[in-house]
Amino acid sequence: MARQEMLNSHYSYKKKVYVGKMKRQGNQNSGIMAQMMYYMSESRLRGKIRRITDALEADPVDVQTLKELTISADGLITVDLRCKVWTKLLNVNAFEFSRNQAKKKDNSELKQFHEHKYWRQVNLDVDRSHRRFPAEMRASRRRSLQEQLVRVIMRVLCQNQDLHYYQGYHDVAVTLLLVVGEDLATALLEQMSLHQLRDFMEGTMEKTTKMLAFLHPIIEEADPELDDFLIRSEVGQVFALSWLITWYGHVLKDFATIVRLYDFFLATHPLMPVYFGAALVIRRRTDVLSGECEMSFVHHLLSRVPDDLPDYVEELITTAHSLFCKYPPEKLAGAVERYLKESMAVAKHKQFLRELEDQRPDSVLRQRRKQLALYTNNELEVSPNFQSPNQTNTYTKLAVWTLTATVGTMALYVLSSAKRWI
Amino acid sequence: MFYDTVDEESEREVTEQVFKIIIIGDSGVGKTCLAHRFATGKFPERTEATIGVDFWERKLQLNGTNIRLQIWDTAGQERFRKSMVVHYYRNVSAVIFMYDITREGSFRALSTWLQEYGHYGFDESDTGEVPKLMIGNKCDLIHERIVSSNQARKFADLHNMPMWEISTKNDEELETIESIFLTLSHKLVKSRTFMDRPPRYTTVDSSTEQSTRSRTKSGKFRTSQKKIKLKNDSGNHKKKNCCESS
Ligand SMILES: Nc1nc2c(ncn2[C@@H]2O[C@H](COP(=O)(O)OP(=O)(O)OP(=O)(O)O)[C@@H](O)[C@H]2O)c(=O)[nH]1
Ligand SMILES: [Mg+2]
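The listed protein sequences derive, respectively, from chains A and B. Heads up: the first sequence at position 203 corresponds to 203 in UniProt numbering, and the numbers run straight through without jumps. Heads up: the second sequence at position 230 corresponds to 230 in UniProt numbering, and the numbers run straight through without jumps.
In isolation and in its complexed conformation, chain A is listed as follows (with noise of 0.2 Å):
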């Protein structure tokens, strides 16, 4: 029963968009017919979870699987299978870390904290990410969610003293702490910095700079007059600099279409988001062309990301990645050549896949670490988040949930994701 609380309160916000889909789309198919796809879609997703929990379960984890279940359309569906897969994905054990995270929260960490350079920037910038949090959130509850996502981000900086804070970094941070919870998006955050994020995290923008290069020849490969346009207007690509540092989640209004992105992006590569970038504005090029052919016009209306851009965020994402094996970066010519030899995010993309292969499901590491607590007697204690459920924070429930059940989403989900597929 609390467990389905915290849930509908998780997604009472998406739940708002449903409803005016519905109405809209209810005009259009109306009656039997609507009826009859409701159910092919929910038998096509019921078979999807289905897919991906096996592919979860294997030993080792099918981690190819897991990819393309993840790219195809409706990526990975519930926020249980999102806990359970972008672990996999970014090869994080979450049965090992929880247990050295308990530690923490004490004096001393609050002094490394504020001793660090960036924890006045970092305070800053998530005093003023109101509205990466549901409208109707309480207050009091969206100040513990901040002070949790303060500490994920000092956590992760503080372990790692060679990554660089950046603006838009705690717009990544509050999209893994709205999914999976205070301690594995400190987590998934950790790799992700020592992954796709590398590059931003340099002392300076030099290599996302370049990243952001790959953009106009990506556009002038798959729209030679479009690229044109854009190269005299001078607009130059920094318009796109906050879809591809935040992964798009600090333009987009919806919260669904921003974790769908998360999924897509974490199960290819770290050039990715810079290829859904070149399809948007693509898929724009109409708006563009008949536009001013002038820097601030341009920059203006191709900054901006549309409203709607959730009723096509599947077809932009099939566009993205059929660019991507189209034109894959080592294709693309010039400056952008320089940079696949320097960027560490793609350099070390490669190992990284090869790590992923050899994963062990989390029903075998739950046993490993059963045993280990055997030895090492009372740590089991000290994991709040996988322990004890009445925890007043929802979102660390989540955490606890996503980790023990699998069924019974089924009906939460087919509202939740209503919208996608009537």
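Please keep in mind that the hints were generated in silico from the structure rather than gathered at the bench. Hints may be right or wrong, so weigh each one.
Calculated lysine to aspartate or glutamate pairs in the EDC-like style (CA-CA distance at most 20 Å, straight line) [to be verified]: (1) B/20 / B/178; (2) A/207 / B/78; (3) B/82 / A/206; (4) A/253 / A/315; (5) B/169 / A/127; (6) B/20 / A/294; (7) B/20 / A/292; (8) B/59 / A/294; (9) A/117 / B/104; (10) B/82 / B/116; (11) A/210 / B/78; (12) B/132 / B/116; (13) B/20 / A/234; (14) A/253 / B/48; (15) B/59 / A/292; (16) B/82 / A/202; (17) A/253 / B/45; (18) A/117 / A/162; (19) B/59 / B/175; (20) B/42 / B/178; (21) B/59 / B/16; (22) A/117 / B/78; (23) B/20 / B/129; (24) A/326 / A/234; (25) A/207 / A/225.
Take the given structure of chain A and dock chain B with the ligands to it, following the hints.
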């Protein structure tokens, strides 16, 4: 979109001048608030960290000339300005250097900002005349003031900038903010008119410096030309154009 469609026709006939004004300064000094305040008249209840650059627009009429002010709001974090923001220093009509009167660091950083701006080769020496302004923000936080007006004024004089202390939050200061931009616009229109003449002409009279400063009730410095400017603008006062901040 952000062009005022109603006006489009009339603007075709009458020429419109576009000015690009860039606001730079440390993160959190209130750059987004200032841009928002000027473009919409309101203090934004919530802002978010600015990533990259973004601009706001407002149309004005000044002595019969239609002008469009583009206020470019930039990211404050150092890493962004070094690699991205500099790109936007090009072709600006004016630069606003902004600091927070409650944060010493943001004031001290102004020298770096000024240096950088000069370093990238867009200083007066080569582009003719790009007016620089200095603005200290958050004056409503009287008890938290760290940077004294005197100290700031000295610095501003040293760098030949007019200086104002404001609060973007305080509604009563909207007028001050408007007058700053109007004064600036006036200067910009004037110097553009002289553009084709030898540079000496353009540097002779700058409305901002010529005007005598007077202290107002609130203790802020204002230019004496303010009243006239507001009057000139009266017909167009409500014609505001804003772009949502992202
Ligand atoms: N008390 C007070 N607070 C202000 C004032 N102006 C801005 N603030 C607050 O200062 C904070 C930062 O303002 P922003 O406008 O977002 O700062 P910014 O300079 O754009 O920061 P970046 O985008 O990170 O570079 C916000 O929480 C504002 O509410 C002011 O005049 N008085
Ligand atoms: Mg800002």
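These are the hints, each one checked on the structure:
This hinted pair checks out: residue 20 of chain B and residue 178 of chain B have alpha carbons roughly 16 Å apart, not beyond 20 Å. For a cut-off of 20 Å, the pair hint linking residue 207 of chain A to residue 78 of chain B stands: about 15 Å separates their Cα positions. The hinted pair formed by residue 82 of chain B and residue 206 of chain A meets the criterion: a straight-line CA distance of about 9 Å does not exceed 20 Å. The straight-line distance between the Cα atoms of residue 253 of chain A and residue 315 of chain A is roughly 18 Å, inside the 20 Å bound, and the hint therefore holds.
Taking the CA atoms of residue 169 of chain B and residue 127 of chain A, the gap is near 17 Å; set against the 20 Å cutoff, the hint holds. Restraint check for residue 20 of chain B and residue 294 of chain A: satisfied, since their Cα atoms lie roughly 13 Å apart, inside the 20 Å limit. Note on residue 20 of chain B and residue 292 of chain A: the hinted pairing holds, with a Cα-Cα distance of about 17 Å set against a maximum of 20 Å. Using a Cα cut-off of 20 Å, the hinted pair residue 59 of chain B and residue 294 of chain A holds, with the two alpha carbons roughly 18 Å apart.
With a C-alpha separation of about 16 Å, the suggested pairing of residue 117 of chain A with residue 104 of chain B holds against the 20 Å cut-off. Taking the CA atoms of residue 82 of chain B and residue 116 of chain B, the gap is about 9 Å. The hint holds against a cut of 20 Å. In summary, the hint linking residue 210 of chain A to residue 78 of chain B is supported, as the alpha carbons are separated by about 18 Å, within the 20 Å threshold. The hinted pair formed by residue 132 of chain B and residue 116 of chain B meets the criterion: a straight-line CA distance of about 13 Å does not exceed 20 Å.
Restraint check for residue 20 of chain B and residue 234 of chain A: the C-alpha separation of about 16 Å stays at or below 20 Å, so the hint holds. A hinted pair counts as satisfied when its Cα atoms are at most 20 Å apart, and residue 253 of chain A with residue 48 of chain B qualifies at roughly 13 Å. Straight-line distance between C-alpha atoms of residue 59 of chain B and residue 292 of chain A comes to about 18 Å, which keeps the hinted pair within the 20 Å bound. A hinted pair counts as satisfied when its Cα atoms are at most 20 Å apart, and residue 82 of chain B with residue 202 of chain A qualifies at roughly 13 Å.
Using a Cα cut-off of 20 Å, the hinted pair residue 253 of chain A and residue 45 of chain B holds, with the two alpha carbons roughly 18 Å apart. Of the supplied pair hints, the one linking residue 117 of chain A and residue 162 of chain A holds, its CA atoms being roughly 12 Å apart against a limit of 20 Å. Between the alpha carbons of residue 59 of chain B and residue 175 of chain B the distance comes to roughly 16 Å, so the proposed pair stays at or under 20 Å and holds. Among the hinted pairs, residue 42 of chain B with residue 178 of chain B is consistent with the structure: their alpha-carbon atoms are about 12 Å apart, no more than 20 Å.
For the suggested pair residue 59 of chain B and residue 16 of chain B, the alpha carbons sit about 9 Å apart, so the restraint of at most 20 Å is met. Between residue 117 of chain A and residue 78 of chain B the alpha-carbon distance is near 13 Å, which keeps this suggested pair within the 20 Å criterion. A hinted pair counts as satisfied when its Cα atoms are at most 20 Å apart, and residue 20 of chain B with residue 129 of chain B qualifies at roughly 14 Å. At roughly 26 Å between alpha-carbon atoms, residue 326 of chain A and residue 234 of chain A are farther apart than 20 Å, so this suggested pair is violated.
With a CA separation close to 27 Å, the supplied pair residue 207 of chain A and residue 225 of chain A exceeds the 20 Å bound.
When each numbered hint is compared with the structure, violations occur for hints 24, 25.
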